[in-house]
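All chains, please: the whole structure from these sequences, using the hints.
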Amino acid sequence: MAQIDLTLAPAGKKKSKKRSLWADAWLRLRKNKSAVAGMIMLATILIVIYSSPLYLDYDNDVIKPDLTQTLQFPAEGKLLGTDELGRDVLARILWGGRISIGIGVLAMMLSSIIGCTLGAISGYYGGKTDGIIMRSLDVFMAIPSLLLMITLVSIMKPTITNLIIALAIGSVPSVSRMVRAQVLYIKGQEFVEAIRAQGASDFRIIVMHILPNAISPLISQFVMEIAGLILAISGLSFIGLGVQPPDPEWGAMLSSGREHIRDVWHVTAFPGIALVLTVVALTLVGDGLRDALDPRMKR
Amino acid sequence: MGRYILKRLAQMIPIVIGVSIIVFLLLSLSPGDPAKMILGLNAKEQELQMMREQLGLNDPIPVQYFNYMKKVVVGDFGTSYSTKQSVIEMIGVRLPPTLILAFGSLFTILIVAIPLGIALAVKQNSPFDNIMRVVSLFFAAMPGFWSGILMIILFSVHLGWLPANGFDTPSAMIMPIICSSIAGWAVNSRITRASMLDVIRQDYIRTARAKGLKESIVIRKHALKNALLPTITSVGMAVGGCFGGSVIMEMLFGINGMGKMMIDALRQKDIPTIMAGVIITSVIIAVANLLTDLAYSFVDPRIRSMYARRKQRKEVAGHGAN
Amino acid sequence: MQKKLLEIKDLTIKFHTDDGVVEAVNKVSLTVHEGETLGIVGETGAGKTTTALGIMGLVDCPPGRIEGGKIMLNDQDILQLDEDEFRKLRGKEISMIFQDPMTALNPVFTVVDQIAEVIANHQQLGEKEAEQKAIEMLELVRIPAERAYEYPHQFSGGMKQRVVIAIALACNPRLLIADEPTTALDVTIQAQVLELMKDLKTRSKTSMMLITHDLGVVSEICDQVAIMYAGEIVESGSLEDIFENPLHPYTNGLFGSIPDIDKEVEFLSPIEGLVPDPSDLPKGCKFHPRCKYAQHLCSVEEPAFQEYSPGHYAKCFVYEGKLPAKEVKKYE
Amino acid sequence: MKRTCSLVLSVAISMVLLISGCSQSTTSQGSASNGNAAGPKSDISVVLTKIGNNLDPAEANSLDTSTIMYHVYDTFIKFDNDFNIIPGVAKEWSQPDNRTIEFTIGEGYKFHNGDPMTIEDVVFSVERLAKVPKKAAFMSMIKSVEGSGNKVTVKLTEPNSGAIRNFGDVFIVSKKYLQEAGEKYANAPIGTGPYTVTEYVPGSKVVLKAWADYPFDKAKIETITFKAIEEASAKYIAVETGDADFAGIGARDKSRAKNNEKLAYFEGPSTFTGFVAMNTTKAPFDNVNIRRAMAYAYNNEGISAITPGKTIIDSMVPKMFSTYHSSPNLPKYDLQKAKELLEKEGFHAGNPLHFTAWTYQGNDPELEAFQAELKTISVEMDIQNLEFGVFLEKMANKEYQLLVGGWSDTTGNTLSSLESYWSGSFGQMNITFYTNPKVEELYAKVKAATSEAEMKEAAKEIQDIAAQDVPMIPTATKMSYYAMNKNLENVHIHTSGLVSFRNASIK
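Residue numbers (the working numbering), protein chains in the order written: chain A, 1 to 299; chain B, 1 to 322; chain C, 1 to 332; chain D, 1 to 507.
Calculated directly from the structure, the hints in this document are not laboratory data.
Incomplete in silico selection of chain A near chain B, CB under 7 Å:
(1) D138
(2) I143
(3) V276
Note that the Cβ used here is the ideal one computed from N, Cα and C, for glycine as well.
As structure tokens, this is what we get:
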């Protein structure tokens, strides 16, 4: 492909003059078939899940047990069957998705805010500041993130807020490191020198010039990290430290169904499928974004 | 290189101390009275007082921490509150299964993911490549415990080939190791494939081809060594993942390992056990990271010489900051 | 007349990409005689490198494909060879020096290894002997033997390029393709490297194909020159022919865009417009959108590659007599 | 494995039970039936839920450890399947007055190291418990223990009709060996039983071997390997695939085990008692009407149906005990009545009752079902999942409002069942901190009772009062299910939950 790039180079240059980075990325993303598939999957999942309050009533459809209808196989009316309390598995999957994805996204947002701040400060100022921040993060990195999350959740109470905090803390070190590496790279570029020469403040340089440039290649990482966090939540739920009942959450549903898997497979199978599809969709979109936004890191 | 290793080992000390401070602080500040844990609820206030005194729980937290670390330094991790056993003995029993599980997974990741990634890169865009890419996408998305449940149903219940529980025989080890490495296979074969494709497009591969080398030599000798670098990083990171993931695998397969011990200890606020578990895990991970870096420098001479010149570089960096 | 070493006839290379078919090389014909140096000149993207890779049999496939033509090396069409036979030519009969020395060497092997490899590959030598020879090669390119066991990242750009040259010349190839060997180097080092190449070439009587966009380099080393534009040869001839009497408007444009200290010119006159998108080449003469002399005919029909004077060819309607014989001004 | 063990113990056991969804205590169905011989095999593998980290029977914190130790040690006395006392090392026992128990110790017992068992060892086996915090409640009953000849005389601190049952849980240890071994004892125990411990991997495995020099009838099974599996379904899979020869299994696998020709199957009731406990010292459950409203709102029938094998109960005293009494006072599921009671106390849709329920296990579908039930009468119940240690501590500190749990009785001691309402057992059995002077009086009566009828009468009255005041709502007990290799014979499954392979053999 090297020679193609060579041949195309002038044409490419021409294009990039005409369009912004984002428009360009969007074009590249649209051309990527698997990314498009991922976007369609993700959009479908999100629309179906987030519109669920329109046709589902939390109290009646999601958490209300019907003890006469426990562990029913999929049938008309209950498309994916019922769980051990006779609740509609489909309704719980839809509502549970809001929780699984919601926690994943919020935790990622929190950790990217913290991670960007730490990473940017660390990368921009370097020296002792960098040393202190990085060594402290090393401490958190030294504990496997799942173990760290388990420890945090079991010390705090497993409320949704605490879950988000624990997941965010678990992923801050790796996010900060990624941001720091990007900031270091961009800091070394000439335009930053140029801006500094114009007398811009450090804060302005970081916020207005470095971070926007640093973030675009990281966006795909963030998207993939959400997938990882959703898996982590399900893992926590599996050992009983995740989302607490009666709220449905995919991992918790899946693990509560495993007792019955020899008799009723659907209680475990369907939440698992929902989880896998969501993670696959996020991965595809993340992959596509990486290729689209960051040709430099393109593999 | 020897000096570098020593330096890295020395750098581990503050990290481990940091880990111990954080966990100790978290545990000390969270609710729950260890004296009650030990004596049971029918203990009298006087007995509780005595026990608190004995455990040093009445001391300020920094003093408690210092006293604890004093013992740890000489290898005494204390006695578990809940099992009354010496923590180091408990870990002695539980560490081997976890190590076998974690490093067994790591090993299978290496022997599966790297050859698979290379094969996929060489046969880029073939039906084999396309199918495997989709399959690996789904494998990477499956929570380990879910695939574990499915495997138990298939291999233990329906086929009766493998035991569904335990970790004491080689056949019992198969499923836990595979389950905790499936995602790793998928992720790392993708990384190997991607970096292989990246490397194959590099100029030096063209140089190697221009030398008239056989394609197999070009791939094995010139491409692979370079392509392994991202894989080494990712596999290195997977060490932590394998340790974390072993918690869930141990719960699912009923393995008497560190992860299960930690969960039990956390549920019962068994501070000595939790502390020892976290400290030992972090040391193992730090050592694994060091080994990863050494493997990296073994493969990449640029990194190797960077270590040699590290001090010099640091000075330069210091100037830059001023 | 010298013996023809390499003769390319109507070589066509296309890339089939998602964005469409890219005609990178279109019916290119070239001849390199023994002991002679041919310079191929053109802007970036003209298809020079692709032509070279075509000769080396290293066009990435997919997406690239050689769709037609012949490449005769010593009267043997090497495109007909199977991969294994072709492989044996590479590095031994034909060698190539790549554009960017920074990336052309494998970062994880010592330089001596990388030279010895090609020697061991083509000559039945043991490891030790190959290494010995490699060190000799290094000394030949003026790198001290004690640096042989260092890694590429410990070398400067110029030294790396010398290593690449050593690799290319290690097996005394009949034909050396040098793809912009000095572009990536500092100007002072450029001269050293060129000098070295010239020197080695005369010593080993190797023929050379020098790809460059630098007319100065061409004038220094080349015997024959071919001008490439948008995948085609638009003009070819001896160094003298091209430099003294350029025919094609594009060639003229090229000369117009370099400063000449002998003349006082107030402004350089670069060629207007941009190199066309190779996936969407213009019809007729590929150069017509940028050509000052273009007429309607130029956008409809493709001119033929015609001999103007012995050995001096050009591809322009002006010389076919199909256009009103408007004189193409030299060095405008 | 007594009922009077601290709550930590009881709840710890039931936690295992609930988490694994498996049964531990069971009945006395006796031994396996016949099947065709599959060649001589005298090694078996037995699946338990947990293997402890400590093999000292006094420290042992689970029934599973007791099952293992049952083969290594002997106890003072044992129980038959109806909780009647039968001889252990004590061949005879008597109570000359209501503060004295006299045991006559049998002869010929030897420890595994060859030392003969002496009366000193027997006395020491009781005395050493003074140092064991878990035995504090038991030791508080005992004033002194003396041995002379083949008699051990125990003096009680106060009259206590149930005290003797606690000796079913006193294992005979070698004084000399224990003092020599010190801390190591916990991992290398020596007893007078027919099996010796040959391998012990804390937390996962114990291997017992038949002791060649056992002075009485030697065991037929050569080695017994106990291994731990927590997951109920995995236990059954282990037996089904032949990895193990015996396991307690979950209700879900009941019919599979029944229909499997290679397996023998047993089921029977257990002493497990599930409950909803309400803190009577804290609002809103200091109000009896609210407690009764909760009892009315608890759809015991429906909720118990969620977990197969559960049967509803109506008293904290297990049905198999002679003192069991079904009180008419206990509220039966009636949402209307619950609503009325709540409205009487000023709680309605406009001012909903709001409180927190505690559990220490992951997902508890039964609690969720109760939560949903309450929602229909506008009661907001939050569920909080607490770490076990915190759970216990908050409970002991009376910081909770409502919790769900369960315990198993293993010694057939009526007293401990009734302790749930007695002030002397605050924070142990009486986790609701309920007091009622009348109950105190009646409890003392039961304790000092000399005749069965006297005891029954008082116990009945307590249960009637308790059903009226409902500090605890008795919810359900569960069946125990076992699957085993059909060639395994004469396994004794005690009601106490102990499983004995002492007489077992392979056909």
